[in-house]
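**Q** From first to last, the protein sequence lines are chains X and H.
Numbering follows my numbering, in which position 45 of the first sequence is assigned residue number 45; successive positions increment by one, without gaps.
Positions in the second sequence are counted from 1; adding 1000 to them yields my numbering.
Keep in mind the hints are simulated off the structure, nothing from the lab.
Just so you know, even glycine gets a beta-carbon here, dropped at the ideal spot from N, CA and C.
Be aware that one or more of the hints could be misleading.
As the list claims (entries may be wrong) - Partial list, derived from the structure: chain H residues whose beta carbon lies under 10 angstroms from chain X:
(1) 1190
(2) 1225
(3) 1447
(4) 1457
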Amino acid sequence: MGRSQVRFSARRRARATMWSAVLTLLALNVGLGVYAYMHPNFRDPVFDLKARAMEKHFDQPGDPFRVIVLGSSRAAAAVEPAVLETTLTSEIGRPVAAFNMAMQGDGPIGQLIHLRRILASGVKPDVVVVELLPSTFLFGDRPYDFSVLRPERLRYDEIDVVVKYGYPEAATRKEWREATLNPWFGTRFQLLARVQRLWLPTGVVTYQKDAGKLGGWNPWAAYPPHLYRQRVNEVKQTYEPQLQALKFSGPQMAALDGLLAECKTANVRVAVVIPPEGSEFRSWYPDRVVEELKALTDRLRMTHGVLIVDARQWLPDEAFADSHHVIRQWAKPYTERLVREVIVPAKR
Amino acid sequence: MLFTTHQYLFFFLTVFVIYWAMPWARARIYLLLAASFFFYATWSQWLALIVTGTATLDWLLALGIDRAKTRRVAKLFMLTSISVNLGVLCFFKYANFFLDSAYKVVGFSPEADNFFKVFMIFGISFYTFEAISYTVDVYMGRLKAEKNLPNFLLFILFFPHLVAGPIVRGRDFLMQAHRPKRWSWVRAQHGVQLIALGLFKKLAIADCMAIYCDRVWDPTIVANHPVAALSSAAVWMAVIAFTIRVYCDFSGYSDMALGCAHLLGYKLTVNFRMPYISANIAEFWRRWHISLSNWLRDYIFIPLGGSRGGFWFTARNLTITFGLGGLWHGATWSWLVWGLVHAFMLIVHRAFRMFAEARPRLKMVLETKVGTILRILFTLFFITVSMVFAQPSLKIAWEVLQKMFIPSPGDRLPMDQNRLWWTLFLVIFAHVIGITGIWLWVWKRLPGPVIGAGCALLFVAAQVLSPDTTKAFIYFVF
Chain X
1 MGRSQVRFSA
11 RRRARATMWS
21 AVLTLLALNV
31 GLGVYAYMHP
41 NFRDPVFDLK
51 ARAMEKHFDQ
61 PGDPFRVIVL
71 GSSRAAAAVE
81 PAVLETTLTS
91 EIGRPVAAFN
101 MAMQGDGPIG
111 QLIHLRRILA
121 SGVKPDVVVV
131 ELLPSTFLFG
141 DRPYDFSVLR
151 PERLRYDEID
161 VVVKYGYPEA
171 ATRKEWREAT
181 LNPWFGTRFQ
191 LLARVQRLWL
201 PTGVVTYQKD
211 AGKLGGWNPW
221 AAYPPHLYRQ
231 RVNEVKQTYE
241 PQLQALKFSG
251 PQMAALDGLL
261 AECKTANVRV
271 AVVIPPEGSE
281 FRSWYPDRVV
291 EELKALTDRL
301 RMTHGVLIVD
311 ARQWLPDEAF
321 ADSHHVIRQW
331 AKPYTERLVR
341 EVIVPAKR
Chain H
1001 MLFTTHQYLF
1011 FFLTVFVIYW
1021 AMPWARARIY
1031 LLLAASFFFY
1041 ATWSQWLALI
1051 VTGTATLDWL
1061 LALGIDRAKT
1071 RRVAKLFMLT
1081 SISVNLGVLC
1091 FFKYANFFLD
1101 SAYKVVGFSP
1111 EADNFFKVFM
1121 IFGISFYTFE
1131 AISYTVDVYM
1141 GRLKAEKNLP
1151 NFLLFILFFP
1161 HLVAGPIVRG
1171 RDFLMQAHRP
1181 KRWSWVRAQH
1191 GVQLIALGLF
1201 KKLAIADCMA
1211 IYCDRVWDPT
1221 IVANHPVAAL
1231 SSAAVWMAVI
1241 AFTIRVYCDF
1251 SGYSDMALGC
1261 AHLLGYKLTV
1271 NFRMPYISAN
1281 IAEFWRRWHI
1291 SLSNWLRDYI
1301 FIPLGGSRGG
1311 FWFTARNLTI
1321 TFGLGGLWHG
1331 ATWSWLVWGL
1341 VHAFMLIVHR
1351 AFRMFAEARP
1361 RLKMVLETKV
1371 GTILRILFTL
1381 FFITVSMVFA
1391 QPSLKIAWEV
1401 LQKMFIPSPG
1411 DRLPMDQNRL
1421 WWTLFLVIFA
1431 HVIGITGIWL
1441 WVWKRLPGPV
1451 IGAGCALLFV
1461 AAQVLSPDTT
1471 KAFIYFVF
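Could you put the whole structure together from the sequences, leaning on the hints where they help?
**A** This is the structure in structure tokens:
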């Protein structure tokens, strides 16, 4: 082959490479973009898995009494739906279907968004247990929820809602747009988690294959003694400064009000629970925050007429893996007490 | 504006489209110049002005050297250029080093007391070295002074190599600036391949390895979580992760820089040739950060006398060159030690080479396949251990070394190790298919559309595997 022929062949090959690269990239992006548009829950796989499992669980004969638990990883670890169902059935004499829809890092805005999705899907719970987790009311330059319920997990129509509750508008819209136009980057954790969860960076809210099992309950094991102290120290480093700076006046307050109002409008009975904590964790609250929390619960009772229970001292220190997440063995007694002192009164 | 951001993608595509849409060669130079200024100004407009100012001065001084009637005047111009560039480099890069050391001597805490601190200019070491090499080359008669200011400014400011190299020589770049550019599919293909590869190295490997090694290398994390709390195994893993990271980070950046330059019709110096398969430390420096190694060789080692004298004379020159090379990387005692450790390894290698050359049977054994593999592993081991000093704190480096060689229990690294081992396997696999020539054999036989689809998949994989936050390139601060 002559030199000019070699050159021509190389040029043709290079041109084919370039066009193929551009077209493949376009096809991949458009393909995933269309898939994400047609399957909105793809953006939020943790919710998707739980929601599908919940719908399946609630779809049982005999019109069971339906209970949904909303909240963060704390509620996800503490409330055992199977125990809730057994205990509540014996209390009210009627079949019960309960599902723990609590998700890692769900603060008031996350709970509102997820409740709206549940109601929009046609599920009508009889009672919703809402977790009031003080640390999720932190507001720096943006609400706490922004760091967990990232814009790429939201649907387009939810952007306005989160912006109303304090999400920075420009950053939220930019992130959502980038995730939509470049979905392989924007939804990379959702994708990666399906293939290899172990490769996810720590702290990223993950897709868990088994999130829908055990009625959405995510049991925690106790740490070995030598790791317990280290873990509590890490928790202290994270939460103590947050609790010191806490104020119950940010836009998350409006989100909590919105959540309770939404339940009222949908004719769903609601109970609000401040989840249990170890004595060490409780010691990090300054007196000011404890007083403000008390004032907040009084105001919510007055305004929304809901039952609010402060369960922070319900469990002994050995019930926690890290002074704030309840371990597997203590979920049962906690859930039983929750039924008796929260859900049954809320039903009335 | 990092190469790995959407912002840069948009910026580059805009420049690329306008550049090739323009029919005028001169206008393209001005466009690249404006784009380069804008690129640097996204960090700081003042810094962009400082760089442009010093580059203009270098251009004038080089013209002065060219037109000087006597050698003495020419030398004066050259020394002025070197002094100005080194002055800027020392002020912006080393002032804090000397200030911190002075504060420590007199017992002040500069962080706490908010003492005078100098802000850092990104990539300052790279462009000062380029400017120095240019004026020295003009003085030595290796290069004619560039008469065209925009061409010269583009040589210094060209955005693909501006902040982290490769260190470009005037004689390589300026010729290209004069040549009118024509679109080449082959060159564009090469550029796209390099960008995809560089992006994968940076996002999927280097940034992820940072999660493991930051537990030992990031001073803010170490301040809250001391290295002493880690187990020896965890520290070893962090060191391995850092060794992978630093290579993929820097070579990934270099690949992207070369790729972007190719897409604009320019060719930059290749900076890495699989350095971790080096069979000895001298070979390592011929494969690692090649543009810096060559610069240090041409402008420090050889002017000092190189290896023309005896063993100890060469050892002295290596120590000076690598001591300065260490300080070039970072203005800390730890980086100085890193440079000296490499100088020591080079001296030992030189002595051993002389020893082996006098013993043909030993030399023969060392050059067998098994001997070569053992030499590669041995070299890699020492390079990995020397990486411990590639960080700001000598105290932490010492703690890490103790942890590595005195087994002790402790905490694990923050992320599951699964990804670290897979990444290590991937890096080894890539090196194996690279050195055996398998990759080249396969690549030559693959049809264009398959290569193109492969590039797109690599691009997508880089994004899917990238961690939560993109890290700045390590070499930006050098």
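**Q** Determine for every hint whether it applies to the structure shown.
**A** Hints versus structure:
1. This hint holds: residue 1190 of chain H has a C-beta 8 angstroms from the nearest C-beta of chain X, less than the 10 angstroms allowed.
2. Annotation: residue 1225 of chain H was flagged as interfacial toward chain X, and the flag holds, the nearest CB pair being 9 angstroms apart, inside 10 angstroms.
3. For residue 1447 of chain H, the shortest C-beta to C-beta distance to chain X is roughly 7 angstroms, which falls under 10 angstroms, so the interface hint holds.
4. Nearest Cβ of chain X to the Cβ of residue 1457 of chain H: about 7 angstroms, under the 10 angstroms cut. The hint holds.
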